[in-house]
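A.B. asks: Chains as they are written, first to last, in this note's numbering: chain E, 9 to 364; chain G, 66 to 319.
FYI, nobody ran anything at the bench for these hints, they're computed from the structure.
A hint or two may mislead.
[To be verified] Rough simulated footprint, nothing fancy, chain G against chain E, three-plus residues with beta-carbon under 8 angstroms:
| # | region |
| --- | --- |
| 1 | 186–193 |
| 2 | 242–249 |
| 3 | 277–286 |
| 4 | 300–312 |
Even glycine gets a Cβ: it sits at the ideal position worked out from N, Cα and C.
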Amino acid sequence: MHPILGQLRRLGFYLLAWIPLGAILLYLLAALGGLSWPRAAALAIPLCLVYAFVCLSAWYSCRGTPLETSSFSRLALTHLSAAAVAGGIWIVVAKGLAFALSTVFPGLDQQIVRDYPLLFGSGVLLYLLAVALHYVLLSDQASHEAAQREAEARVLARESELKALKTQVNPHFIFNCLNSISALTTSDSAKAREMCVLLADFLRKTLGLGEQTLIPLHDELALTRSYLSVEQIRFGVRLKLEEKTDPAVLDCLVPPLLLQPLVENAVRHGVSNLTEGGWIRIEIGRGSRDVLSIRIENNFDPETPRRKGASIGLKNVRQRLDTAYGNGARFDVQTSGDRFAVSLELPGERSVEKST
Amino acid sequence: MSADANKRFRAIIVDDEDLARQVIREMLQSHPEVEIAGECANGFEAVRMTGESKPDLLFLDIQMPKLDGFEVLELIGSEVAIVFVTAHDEHALRAFEVHAVDYLLKPFTAERFDAALERVKQRIGQKLPAPTDLTAATRGPGQYTERIVVKDGTRVQIIPIAKLDYAEGQDDYVALASQGKKHLKQQTISSLEAALDPKNFVRIHRSYLVNLERVARLEPYGKDSHLAILNDGARLPVSRAGYARLKAFLDQQG
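Start from the sequences and build out the full structure, keeping to the hints where you can.
C.D. replies: Here it is, written out as structure tokens:
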């Protein structure tokens, strides 16, 4: 797209800029070319109008020879020859115009011949001016495009990061569940069906959450509970759960999949390494200054070395809090003895409209 | 020359999840030739029970409390046929490095389970080549071990690397010195050296590996060698090559 022809506003400004140029040409033709003022004006005005459009063709030669990559000799050769051609065209146009005007101004077609060098010289200079203008416009266009590309790339990266973070249901969890279901099919088919339903329930909820940026806390809690009820069947009496939630905070908005990864972390690094079984305690309420405060605590075996990727779940949650609230959220991890606790504080805005 | 197909054999099921053990128990019902010698829910019990009841076969989960499946295998040696049963497919390569008979991915069908048992029957009775380096299997590639597991009779000792002072090689065994005690383990000192982070442990002698943090000072000893004096007063011989290695490390740190 031509940067000047493509926009009517720019074309207007460009033609306005030709008015003083036309005035200079008029002066040159009258003072140096030896024409009378009316004759000079009759020639200069249409000539400038035509040449304004001829000069727009500089865009093509500019684009073909980019400033950054072309050698000086190539630049000079291209633009000087283009300028010579443009100047030649201008003379031909002037000749034709003078011939046409000779009915009004007798002898003009003879007089113009003397002014050919003047016309050619100014034509070349004007064309080179247009070349400079087009280079400026091209670099402006390039930097604009680069900025836009960069912004687009950043948005894309953030989006894919969020998507990856949100859909990170641990596949081994699913495989283990399916194995438990496979065990239950013969020994307790009713329980097998219950576990199928619970697992389906959990998966459906995580799928639905992927598109949303904030969800009410009660939805996130429902997801976390359905995850835990599946794990409860797997671990049986080994897993003890305790949950205390202030009903007043249930409609606070939180990023989706905020609690569930933390609870999953507590299961993986807590109860699943403890032969005697483990406990998980979830406390949710209003903290000071009306913030939403969440604490998830569990016991663990201090002698078990932390598995690879142990802190990825925690890191993801911390990152998502940063993305959603910047400095407005707090994320704390405490370990003492065989206890591990994660504390979150976030603004906990209320939902204005009921989200679906 | 496979073993007698009708031979009875004994198996132990090791999994921390009750339901996972239940699947195996149930699938074994159609195999009267397999007797279930026991079930256990963690690595400690697995090592103890294997030592006590000498089974032919172990169904072994990998991610378990206390000891993981590979650590269990390291402690019980290669006499027992192992079928790993896990939801994680990323350990399969390591499993075959330690000559596991099969690797069942949860959940599995009865047909797949039967195929695994068939392989077990072919394998039992054959003398297995001892895995070259079982400890290498307990860590992933490019990683160093974080703890050493040792069997004291039927009890299992876990020595975190930070608490290991030095190791002394004695033929096929290493004596691991930790907190004033020595623990014997069937392992060569070279394979132990490979499992330890070279930034912390230096081979100061053909038979000695030392934890750099424990070295208090060096004393000349004899014509060509030195003695390393540890914080707790232990004196270890340092060979000429060992002295060069040790010196390079201490200079770097100083």
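A.B. asks: It remains to establish, for every hint, whether it holds in the given structure.
C.D. replies: Verification of the supplied hints:
no.: 1; hint: 186–193; in the structure: holds (count 7)
no.: 2; hint: 242–249; in the structure: holds (count 3)
no.: 3; hint: 277–286; in the structure: holds (count 4)
no.: 4; hint: 300–312; in the structure: holds (count 3)
This entry satisfies every hint, going by the numbered hints stated previously.
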